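Could you build all of it, start to finish, from the sequences and the hints given here?
Heads up: the protein sequence lines correspond to chains A and B, in order. Each residue of the first sequence is one higher than the one before, counting from 1 in the working numbering. Each residue of the second sequence is one higher than the one before, counting from 84 in the working numbering.
Since the hints were derived computationally from the structure, they do not count as laboratory data. Every value quoted in this text rests on a predicted model; they were computed, and no experiment measured them. For glycine and all other residues, C-beta sits at the position ideal for the given N, C-alpha and C. Worth double-checking, as some hints may not be accurate.
[Stated by the list, open to error] Mimicking BS3-like on lysine-lysine, the simulated pairs with C-alpha atoms at most 30 Å apart in a straight line are:
#, chain 1, residue 1, chain 2, residue 2
1, A, LYS43, B, LYS233
2, A, LYS43, B, LYS182
3, B, LYS99, B, LYS182
4, B, LYS182, B, LYS167
[What the hints assert, rightly or not] One-sided and incomplete, this derived list gives chain A residues near chain B with beta-carbon spacing under 10 Å:
#, residue
5, PHE4
6, TYR7
7, GLN14
8, GLY42
9, ILE45
10, GLY46
11, LYS66
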Amino acid sequence: MQAFLEYLVKGLVQHPESVTVTPVARDAVTIYELRLHPDDVGKIIGRQGMTINAIRSLLVAGSAKKALRCTLEIVEDTPAAKA
Amino acid sequence: MNTQPQPKAILEELLKLLGFDATVEEHPLDDGLLLDVKTEDSGRLIGRQGQTLSDLQYLTNRILFQQGPDTPKVMIDVGGYRAKAREALAQKALAAAEKVRRWGDIVELEPMSAFDRRIIYNSLRDDPGIEAVSVEVDGTTKKAILLRPKH
Numbered sequence: 001m002q003a004f005l006e007y008l009v010k011g012l013v014q015h016p017e018s019v020t021v022t023p024v025a026r027d028a029v030t031i032y033e034l035r036l037h038p039d040d041v042g043k044i045i046g047r048q049g050m051t052i053n054a055i056r057s058l059l060v061a062g063s064a065k066k067a068l069r070c071t072l073e074i075v076e077d078t079p080a081a082k083a
Numbered sequence: 084m085n086t087q088p089q090p091k092a093i094l095e096e097l098l099k100l101l102g103f104d105a106t107v108e109e110h111p112l113d114d115g116l117l118l119d120v121k122t123e124d125s126g127r128l129i130g131r132q133g134q135t136l137s138d139l140q141y142l143t144n145r146i147l148f149q150q151g152p153d154t155p156k157v158m159i160d161v162g163g164y165r166a167k168a169r170e171a172l173a174q175k176a177l178a179a180a181e182k183v184r185r186w187g188d189i190v191e192l193e194p195m196s197a198f199d200r201r202i203i204y205n206s207l208r209d210d211p212g213i214e215a216v217s218v219e220v221d222g223t224t225k226k227a228i229l230l231r232p233k234h
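This is the structure we're talking about:
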């Protein structure tokens, strides 16, 4: 699933070199943390969450086939914020 | 600026990475390209009311758009599912138009996605006596098409 997410997300963004996908196992669920160039975050979410929801939908369809449970979250690192 | 978009290759890669054992056939359409997916697991790929299939098509088109805004859109089908749904919609449009023509009333179709409405509009395009407009419907992003006689 990680390779799928990387291929898909890199195809959708302006800055594919900044895309990372990190699997985090929590109980029976694998959470894929997605980090992106700040300019691409809106693009991956899409209008009314259209794009991110479509990605999640395919992720669920693919992982259900392998009897896995996966979710996708966008992680926005805010360096040196909040002073 | 000479990136060659390869819709078939993109779709095959997505399916492979998702774990679907599938083959993709290309069929040219009047208004673009149809990619027909053949897989054992078609039900899972289509999803409830075709939702997974819609998502797959939407994302494939987003990738193509990212390669170049002028890239033609593709339609994705799984084992003829969409072709059947499309035919049913076209029939529905023609039946509704016939009703309008016969009784002169306004006929309202149920709320549909832009994609489905396009099929309705296309099947009525050459009908000079019918005017079709989309109207907003509360509680959904889908719109309903109104058919009425053109004066």
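query: Is the Cα-Cα distance between LYS182(B) and LYS167(B) 30 Å or less?
result: holds (23 Å)
query: Holds or violated: LYS43(A) with LYS182(B), Cα cutoff 30 Å?
result: Roughly 44 Å between the alpha carbons, so the hint for LYS43(A) and LYS182(B) is violated.
message: Quick check on GLY46(A) please, does its C-beta sit within 10 Å of some C-beta on chain B?
response: holds (8 Å)
query: Would the hint on GLN14(A) stand, with a C-beta cut-off of 10 Å toward chain B?
result: holds (8 Å)
field: Hint check: 10 Å Cβ-Cβ cutoff, PHE4(A) to chain B
entry: At 4 Å from the nearest chain B Cβ, PHE4(A) passes the 10 Å test, so the hint holds.
- prompt: LYS99(B) and LYS182(B): Cα distance at most 30 Å?
  reply: Violated, because 46 Å separates the two Cα atoms, which is more than 30 Å.
message: Under 10 Å is the threshold here; is the Cβ of LYS66(A) close enough to any Cβ of chain B for the hint to stand?
response: holds (6 Å)
- request: Under 10 Å, Cβ to Cβ, is where GLY42(A) needs to be relative to chain B, so tell me if that hint holds or is violated.
  value: violated (13 Å)
- request: Let me know if the C-beta of TYR7(A) comes in closer than 10 Å to any C-beta of chain B, holds or violated.
  value: holds (6 Å)
- prompt: Can the restraint linking LYS43(A) and LYS233(B) be considered satisfied, given a maximum Cα separation of 30 Å?
  reply: violated (41 Å)
message: So, as I understand it, the hint says ILE45(A) touches chain B; can you test that by seeing if any CB pair is closer than 10 Å?
response: violated (12 Å)
Checked against the numbered hints above, the structure breaks hints 1, 2, 3, 8, 9 and satisfies the rest.
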